[in-house]
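Undergrad: Spelled out from the first residue to the last, the chains are:
2 protein chains.
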Amino acid sequence: MALDSIETVISELKALLGERLSTGSSIRNLHSHDAAYATPAQPDAVAFPETTEEVSQIVKVCARYKCPVVPYGVGTSLEGQVIPIQGGISIDTSRMNKVLAVNPEDLDAVVQPGVTRKQLNTELRATGLMFTVDPGADATLGGMAATRASGTNTVRYGTMRENTLALEVVLADGTIIETGSRARKSSAGYDLTKLMIGSEGTLGIITKLTVRLYGQPEAISAATCAFPTVDDAVNSVILAIQSGLPMARIELLDEVQMKGMNIYNPDLSFPEKPHLFLEFHGSDAGVAEQVEAFGDIASEFGGEAFQWATKTEDRNRLWEARHNAYYAAMSLRQGARPVVTDVCVPISALAEAINRTKAEIAEAGLLAPVVGHVGDGNFHLSILIDPEDPGELAKAKSLASSLNKMALELEGTVTGEHGVGTGKMPYLIEEHGAAMNVMATIKKALDPDNIMNPGKMVQIN
Amino acid sequence: MALDSIETVISELKALLGERLSTGSSIRNLHSHDAAYATPAQPDAVAFPETTEEVSQIVKVCARYKCPVVPYGVGTSLEGQVIPIQGGISIDTSRMNKVLAVNPEDLDAVVQPGVTRKQLNTELRATGLMFTVDPGADATLGGMAATRASGTNTVRYGTMRENTLALEVVLADGTIIETGSRARKSSAGYDLTKLMIGSEGTLGIITKLTVRLYGQPEAISAATCAFPTVDDAVNSVILAIQSGLPMARIELLDEVQMKGMNIYNPDLSFPEKPHLFLEFHGSDAGVAEQVEAFGDIASEFGGEAFQWATKTEDRNRLWEARHNAYYAAMSLRQGARPVVTDVCVPISALAEAINRTKAEIAEAGLLAPVVGHVGDGNFHLSILIDPEDPGELAKAKSLASSLNKMALELEGTVTGEHGVGTGKMPYLIEEHGAAMNVMATIKKALDPDNIMNPGKMVQIN
Chain L
1 MALDSIETVI
11 SELKALLGER
21 LSTGSSIRNL
31 HSHDAAYATP
41 AQPDAVAFPE
51 TTEEVSQIVK
61 VCARYKCPVV
71 PYGVGTSLEG
81 QVIPIQGGIS
91 IDTSRMNKVL
101 AVNPEDLDAV
111 VQPGVTRKQL
121 NTELRATGLM
131 FTVDPGADAT
141 LGGMAATRAS
151 GTNTVRYGTM
161 RENTLALEVV
171 LADGTIIETG
181 SRARKSSAGY
191 DLTKLMIGSE
201 GTLGIITKLT
211 VRLYGQPEAI
221 SAATCAFPTV
231 DDAVNSVILA
241 IQSGLPMARI
251 ELLDEVQMKG
261 MNIYNPDLSF
271 PEKPHLFLEF
281 HGSDAGVAEQ
291 VEAFGDIASE
301 FGGEAFQWAT
311 KTEDRNRLWE
321 ARHNAYYAAM
331 SLRQGARPVV
341 TDVCVPISAL
351 AEAINRTKAE
361 IAEAGLLAPV
371 VGHVGDGNFH
381 LSILIDPEDP
391 GELAKAKSLA
401 SSLNKMALEL
411 EGTVTGEHGV
421 GTGKMPYLIE
431 EHGAAMNVMA
441 TIKKALDPDN
451 IMNPGKMVQI
461 N
Chain B
1 MALDSIETVI
11 SELKALLGER
21 LSTGSSIRNL
31 HSHDAAYATP
41 AQPDAVAFPE
51 TTEEVSQIVK
61 VCARYKCPVV
71 PYGVGTSLEG
81 QVIPIQGGIS
91 IDTSRMNKVL
101 AVNPEDLDAV
111 VQPGVTRKQL
121 NTELRATGLM
131 FTVDPGADAT
141 LGGMAATRAS
151 GTNTVRYGTM
161 RENTLALEVV
171 LADGTIIETG
181 SRARKSSAGY
191 DLTKLMIGSE
201 GTLGIITKLT
211 VRLYGQPEAI
221 SAATCAFPTV
231 DDAVNSVILA
241 IQSGLPMARI
251 ELLDEVQMKG
261 MNIYNPDLSF
271 PEKPHLFLEF
281 HGSDAGVAEQ
291 VEAFGDIASE
301 FGGEAFQWAT
311 KTEDRNRLWE
321 ARHNAYYAAM
331 SLRQGARPVV
341 TDVCVPISAL
351 AEAINRTKAE
361 IAEAGLLAPV
371 VGHVGDGNFH
381 LSILIDPEDP
391 GELAKAKSLA
401 SSLNKMALEL
411 EGTVTGEHGV
421 GTGKMPYLIE
431 EHGAAMNVMA
441 TIKKALDPDN
451 IMNPGKMVQI
461 N
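Residue numbers (the UniProt record's numbering), protein chains in the order written: chain L, 1 to 461; chain B, 1 to 461.
Among the hints, erroneous ones may be present.
You can't tell identical chains apart in this list, so a pair holds if it fits in one copy or across any two.
[Unchecked claim] Cut-off 20 angstroms, straight-line C-alpha distance, at most; resulting in silico cross-link-like pairs (SDA-like, lysine to any residue): (1) Lys60 to Asn437; (2) Lys60 to Ala434; (3) Lys405 to Glu178; (4) Lys358 to Ser348; (5) Lys60 to Thr441; (6) Lys444 to Ala434; (7) Lys311 to His33; (8) Lys358 to Thr229; (9) Lys66 to Ser11; (10) Lys395 to Leu367; (11) Lys14 to Asp4; (12) Lys395 to Val340; (13) Lys395 to Arg337; (14) Lys358 to Met330; (15) Lys14 to Phe301.
Hint data in this document are derived by calculation from the structure and do not stem from the laboratory.
Use the sequences and the hints to build the structure in full.
TA: Have a look at this one:
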């Protein structure tokens, strides 16, 4: 945008926010990238609002000068969602981090968008309740809703889509809307809550969320289990899902990933074989029943070396190891940079999808451990490349592209949980065809000047 | 619309569909009303397409002449959704009634919109799978998705929102889109599936659905249980939900409704007290555990006269009695017509909501049995009035209006599952405020000539 316009925007926002509008280069730099490796771009300024009303006023100023507005949580997105590729104002929600209400009787909580999932669970500890969506990173709930995040618990408890009852959103003209109520269901009009979830700041800025909570289960048991082949592990998952076993977590880590886990954390000494990491929730008797049923399934497919974790600290260690998978993968190759993929397919196609993928990895001569939320049919590669080697980058991009095409051929999706940002935009047309025009129509109708996180999700001409 | 235009539309559609375009008065009359009592209005003609392509062509013809298009399933909507209040073409989906695919490994099925829920469950019988959404009436799946229907199983298995993975939709210009894939989750763009669910034909016509299935539980047990007061019954429900008991069904019928049940079916002889009708799904041991846990809760609140139904035919009788509640209510007053309400509130507010409602019924001197999917916080009145008495109708409308306001005051919604149609439009602005403008913006953007079920859901000026 024109230099004089952005200067006017900044001076009006300074008047509004004082010190809470920053043009300092380190702050701008911090808001120029996310957790992956898309090309960084700095905002012209970073705003730190404390109230919904302030967010509304910021957007009104920006709307007047057609200045881009990009919401920012803690920057753990993986497809460039928070990068202000056209400059403008980064709206950092870190000062909107209050849990506004916990309603134990209704199993819901009302939070500001800057509350992180760990913070919420810490505040819930005394209530016996839990918030279940767990993308690994300690992301903000606003960011998680904006990217339709999910994670290890999704097979049992759902994604942000199922766990968000209502939102408060600031629209492109600064209007504040509420998209729903605290009722568990409603047929009252278009589902604006679900429209905003996964819209990555391109339709509005989330300023409040009402989320579902669950009672902490009476009993929890977790385990790791080794399998002779990835196929055996995946077939165990498929059979468990089809049997209706209500597993709380069921995660695949292939033999390459397991090697990385052992390197990254010398306290670990897993067999270098494909593993499932599992968790069961329920009553004491219910968990015992699930454990037995899963044991029967696993033994059909050669599952062995079960390691059980029933004590809280052992379980925490197990899931901490799983959540460090990204860093563990990187320890397989010093100085490597990972190109991360995120396909999700119907579970019946999962074994084929992973087998074809591993064959392609081998053929390309790449190093790419596999981890996945396999109960949902979702798996990731960390393709480890030398960032200085354009040939490797090209190979990695070609593998990722081939994987995305395969997911569509198998009636799946190119992104199970990481979202679109700029990284997945080229594949969205292949996935959605004519439906992309509907998305563009909605975007243009709700943000006619294209100021809300412009250049993301849908291409506006 | 102008007489010559509608004649042109009809002649073009005749050329397309032959005998499957009807202008006969009995057919038009059949498509002039739904299962409730909104003012009927006839379509100018009724089309019976057999393929998505035909639906697309019908809509293209109508779009050319700005002729209203109103989808019709089996006419069991309750807020006037299928009534062509501005005339035009009623698109009857009864010939699009094929189950296109059942994918037992993925626990999903792909169906045409005219498939009814009972038809789907009959076709699924040999697979050991079930489709769970159960609004009572044997509605079509297209209609159920269009109205975001739910019903007795929702407390455990969710509404049409949670049970629809993807849709094929014909838009206002005849374009055919797919809104999703068979993947269990996706972050690939705006959630058009959820936008279309509950849009009641105002944004597009659903021509195919991919729905979730569940394995039939190993064990099912159902029961009825009488309570001294409605408060006791509702407090049992609240405690059961808060304890995390995974009940499959938990339905309230008050003492007035139970009296109607006994009159309607002389084989029944329930105590004329508030009842809960319950169902538990799980393993043998799991169901036994749930039954015991619920028994403990019920006995705290004076629950008694448990009648258990474990045999399939006994369970079917129990739920048939529940599904006939609407007719049973009418048998309380010969010749009466019911005005039906549908509020849904957070469960912590449920006892207060029902108590206040029963006090208002008494004060107004009306007869209005209460039934409800109380596990979701959703309950209905059938306010039984003399259709010839304008005073009674006014009283009933005033009660319904007061109930809707109360639901909003208690952070709930004016419609838990019946939808908007024309009946709930006046309350939608109160519920959504500025968000109604967003709905209108979306409607205008996707249907600029306002031909898709015009006059419903959102007011377009």
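Undergrad: Give a verdict on every hint.
TA: Quick rundown of the hints versus the structure:
no., hint, result
1, Lys60 to Asn437, "between (27 angstroms within a copy, 17 angstroms between copies)"
2, Lys60 to Ala434, "between (33 angstroms within a copy, 16 angstroms between copies)"
3, Lys405 to Glu178, "between (38 angstroms within a copy, 17 angstroms between copies)"
4, Lys358 to Ser348, "within (17 angstroms within a copy, 51 angstroms between copies)"
5, Lys60 to Thr441, "between (22 angstroms within a copy, 19 angstroms between copies)"
6, Lys444 to Ala434, "both (16 angstroms within a copy, 19 angstroms between copies)"
7, Lys311 to His33, "neither (38 angstroms within a copy, 61 angstroms between copies)"
8, Lys358 to Thr229, "within (12 angstroms within a copy, 63 angstroms between copies)"
9, Lys66 to Ser11, "within (15 angstroms within a copy, 49 angstroms between copies)"
10, Lys395 to Leu367, "within (11 angstroms within a copy, 73 angstroms between copies)"
11, Lys14 to Asp4, "within (15 angstroms within a copy, 62 angstroms between copies)"
12, Lys395 to Val340, "within (13 angstroms within a copy, 63 angstroms between copies)"
13, Lys395 to Arg337, "within (13 angstroms within a copy, 70 angstroms between copies)"
14, Lys358 to Met330, "within (18 angstroms within a copy, 64 angstroms between copies)"
15, Lys14 to Phe301, "neither (63 angstroms within a copy, 60 angstroms between copies)"
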